[in-house]
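Participant: One-letter residues, chain by chain:
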Amino acid sequence: MSDVEEAITRVHHDEWARVVATLTRRFGDLDIAEEAAAEAFAAAVERWPADGIPPNPGAWLTTTGHRKAIDRIRRENKRDDKHRQAQMVYDDDPPEPVGAIDDDRLRLIFTCCHPALAMQTRVALTLHMVGGLTVPEIARAFLVRETALERRITRAKAKIKAARIPYRVPSEQDLPARVSGVLAVLYLVFNEGYLATGPDTHPVRHDLTAEAIRLTRLIRSLLPEDGEVAGLLALMLLTEARRTARVSAGGELVALDEQDRGAWDAALIAEGHRLVRERLATRVAPGRYQVLAAISAVHTSARDARDTDWSQILALYDQLARLDPSPIVALNRAIAAAELDGPEVALAAIDRLEGKLAGYHVYHATRADLLRRLGRSQQSRAAYDKAIELAGNTAETAYLTRRRDQLG
Amino acid sequence: MQYLVSVIDDKSNPGSTDRRPAISKFNERLIAEGYWVFAGGLADTDAATVIDNRGEQPVFSDGPFVESKEYLAGVWVWEAPDLDVALKLAAEASKVCDRKIEVRPFQ
Chain D
1 MSDVEEAITR
11 VHHDEWARVV
21 ATLTRRFGDL
31 DIAEEAAAEA
41 FAAAVERWPA
51 DGIPPNPGAW
61 LTTTGHRKAI
71 DRIRRENKRD
81 DKHRQAQMVY
91 DDDPPEPVGA
101 IDDDRLRLIF
111 TCCHPALAMQ
121 TRVALTLHMV
131 GGLTVPEIAR
141 AFLVRETALE
151 RRITRAKAKI
161 KAARIPYRVP
171 SEQDLPARVS
181 GVLAVLYLVF
191 NEGYLATGPD
201 THPVRHDLTA
211 EAIRLTRLIR
221 SLLPEDGEVA
231 GLLALMLLTE
241 ARRTARVSAG
251 GELVALDEQD
261 RGAWDAALIA
271 EGHRLVRERL
281 ATRVAPGRYQ
291 VLAAISAVHT
301 SARDARDTDW
311 SQILALYDQL
321 ARLDPSPIVA
331 LNRAIAAAEL
341 DGPEVALAAI
351 DRLEGKLAGY
361 HVYHATRADL
371 LRRLGRSQQS
381 RAAYDKAIEL
391 AGNTAETAYL
401 TRRRDQLG
Chain P
409 MQYLVSVIDD
419 KSNPGSTDRR
429 PAISKFNERL
439 IAEGYWVFAG
449 GLADTDAATV
459 IDNRGEQPVF
469 SDGPFVESKE
479 YLAGVWVWEA
489 PDLDVALKLA
499 AEASKVCDRK
509 IEVRPFQ
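Residue numbers (our numbering), protein chains in the order written: chain D, 1 to 408; chain P, 409 to 515.
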C-alpha cells in the first residue's frame with residue numbers, strides 16, 4: 001500500500017463517523033449525509049495522490065462532503081421542499097448529561113441505537129454509519145445476504161425519518177437506559193467476534209472484536225464519566241488480551257486454566273486493570289459490565305491458574321446475580337463455586353437450572369466437566385454429546401470432542 | 409408531527425375494564441400539555457362492517473377486515489415534536505390503559 005492509500009485508510013478509520021455525524025446535523029438526513037461522506041472519501045482517493053494529503057484531512061472531507069450534499073440537493077431540486085419538511089429533529093444545545101462531550105458523533109450513536117429499532121438493525125446501522133463498515137463487510141461478518149442487510153439499513157433510515165427518531169443525546173434522566181442500549185449493541189458485536197458461529201467460520205473474528213473495541217473507545221471518549229462504558233471497555237480489553245491464547249494452533253479452544261498466560265497481551269491487560277481500578281476508586285456502585293470486568297481482572301491477575309482468587313470471584317458473581325438474576329449468571333457462579341466447594345455442590349446447583357438452560361451448550365459442557373471430575377464417565381459423555389450438538393463455534397466443538405474422547 | 413396511537417387489546421387475555429377514570433385523567437393532561445388532537449374508544453369488533461365497492465356492486469361483510477386475537481380497542485392522535493416524546497407518553501398510556509400501545513407516524 002502506498003503512503004497516501006495508507007493515510008486514506010487511517011483517515012477513514014478516524015474521521016468517518018465525525019464526517020457523517022456533522023453532515024447529518026447540517027442536512028438533517030442520514031441518507032444524504034452518508035452518501036456525501038462516501039463521495040468525499042472517493043474524492044480523496046482520486047485527488048490526494050496527486051494533490052497531496054491536506055493538512056487537516058477531517059476538515060477537507062467535511063467541506064467536500066458538504067459541497068457534495070448541496071450538489072445532490074440541487075440536482076434533486078424538486079424534492080427540496082419535501083426534503084426540508086422531512087428533516088430530522090435535532091437540537092443545537094450541548095448535551096445536558098454531566099460530563100458528556102458535545103460531539104455530533106454522540107448524537108449519531110444514540111440515533112443508530114434507538115430502542116424503537118430492532119436489535120439486529122441497531123447493530124447493522126451502528127457498524128455502517130458510525131463504524132464506516134460497508135454493507136458487504138457487515139453481511140460477511142454476520143453471515144447474512146447483502147441484499148437483506150441493505151434492505152434492513154434502508155428500512156431503518158426510512159423509519160428514522162418517517163417516525164422522527166430524533167438526532168439528539170438523551171436527557172440526563174433517560175441516559176442510563178439509552179447508554180445501556182448502546183453498550184448492548186457493542187457487546188453483541190464483540191461477542192459475535194469472540195465466539196464466532198458457523199461451521200466454516202474462523203473461531204475468532206478479530207475484525208469484529210477490534211471494531212467493537214474501537215467504537216467503545218470512541219463512546220468512552222465522549223462519555224468519559226460513565227462507569228458502565230468504562231466497564232465494558234475494560235471487559236473487552238481483558239477478554240481480547242487472551243484472544244491468541246484461547247485458540248490452539250490446531251483451531252481448538254483452550255480452556256482458561258490451560259492457557260499459556262505468557263501469551264496474553266500484557267498491554268491490554270494493564271489498560272483493562274487500570275480502568276477497573278479507576279472505577280473502584282470512584283466508590284460508585286458498579287453496574288453489570290463493571291462487575292464482569294472485575295471478574296475478568298481477578299482471572300487475569302493470576303500468574304498461574306492455581307493462584308486464582310476464587311473466593312473473590314465468587315463474591316463478584318454474587319454481586320452480579322443481584323444486578324442480573326439470570327440463569328447464565330447462576331451457571332457461571334456455580335462454575336466458580338466448584339473451585340471452592342467441589343464439583344458435587346456445583347453440579348447440584350447447575351442441575352437446578354436445567355429448565356432454563358437446556359438449549360445452551362455451555363450448560364451441558366459445564367455439567368460434562370463436573371461429571372468427569374466426579375468420575376461419572378457415562379453421564380459425562382452424554383453431556384458432552386449434547387454440548388457438541390448445540391455448540392456453534394468450531395474451536396469449542398473441537399475442544400469438547402477431544403474432552404469427550406479422552407473419557408475412560 | 410402527528411402520531412396515531414393505537415390501543416391494542418387481546419381477546420384471550422383482555423386488559424382490566426376499570427381504566428376509564430385513569431384514562432380521563434391522562435387525557436386531561438394530554439390536553440393541558442398540548443399533545444392531544446383526538447381520542448376515541450371503539451365498540452367491539454363484532455360491530456364492524458367492511459365495505460368493498462371496487463367492483464360492480466358494493467359488497468358488505470359483517471365483522472372486521474381481519475379476524476385476530478389482538479384487535480384495536482381505541483385510538484389517539486397526538487401532536488408531538490419527535491418519537492422520543494411520543495414513546496414516553498405511550499409508555500404511560502400503556503400503564504393507564506393496561507393494554508399494549510402501537511405508535512405510528514402520520515405521513
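Don't read these hints as lab results, they were simulated from the structure. From a predicted model like this one, the values you see are computed outputs, not experimental measurements. Heads up, some of the hints might be wrong.
[Claimed, not checked] Heads up, simulated DSSO-like pairs for lysine-lysine below, C-alpha to C-alpha not over 30 Å straight-line:
#1 P/Lys477 / D/Lys356
#2 P/Lys503 / D/Lys159
#3 P/Lys477 / P/Lys503
#4 P/Lys419 / D/Lys161
#5 D/Lys159 / P/Lys508
#6 P/Lys433 / P/Lys503
#7 P/Lys508 / D/Lys161
#8 P/Lys508 / P/Lys477
#9 P/Lys433 / D/Lys157
#10 P/Lys508 / D/Lys356
[Unchecked claim] From the derived model, a few chain P residues whose C-beta atoms are all more than 12 Å from chain D:
#11 Ala456
#12 Asp470
#13 Asp492
#14 Lys496
Note that CB positions come from ideal geometry on N, CA and C, so glycine has one too.
Participant: Next step is simple, just say for each hint if it's right about the structure.
Facilitator: Going down the list of hints, with the structure as the test:
Distance restraint check for P/Lys477 and D/Lys356: the Cα-Cα separation of roughly 28 Å lies within the 30 Å cut-off, and the hinted pair is therefore satisfied. Taking the CA atoms of P/Lys503 and D/Lys159, the gap is about 25 Å. The hint holds against a cut of 30 Å. For the proposed pair P/Lys477 and P/Lys503, the alpha carbon gap of about 21 Å is at most 30 Å, so the pair holds. For a cut-off of 30 Å, the pair hint linking P/Lys419 to D/Lys161 is broken: about 34 Å separates their Cα positions.
Straight-line distance between C-alpha atoms of D/Lys159 and P/Lys508 comes to about 20 Å, which keeps the hinted pair within the 30 Å bound. The straight-line distance between the Cα atoms of P/Lys433 and P/Lys503 is roughly 13 Å, inside the 30 Å bound, and the hint therefore holds. As the CA atoms of P/Lys508 and D/Lys161 are separated by approximately 24 Å, the hinted pair is consistent with the 30 Å bound. For the proposed pair P/Lys508 and P/Lys477, the alpha carbon gap of about 13 Å is at most 30 Å, so the pair holds.
For a cut-off of 30 Å, the pair hint linking P/Lys433 to D/Lys157 is broken: about 36 Å separates their Cα positions. The hinted pair formed by P/Lys508 and D/Lys356 meets the criterion: a straight-line CA distance of about 27 Å does not exceed 30 Å. Its beta-carbon lying about 27 Å from the closest one in chain D, P/Ala456 satisfies the requirement of being farther than 12 Å from that chain. Every CB of chain D lies more than 12 Å from the CB of P/Asp470, the least distance being 34 Å, so the non-interface label holds.
Against the 12 Å criterion, P/Asp492 falls within the reach of chain D, whose nearest CB is about 6 Å from its own CB. Non-interface status of P/Lys496 relative to chain D is broken: a Cβ of that chain comes within 12 Å, the nearest being about 8 Å off.
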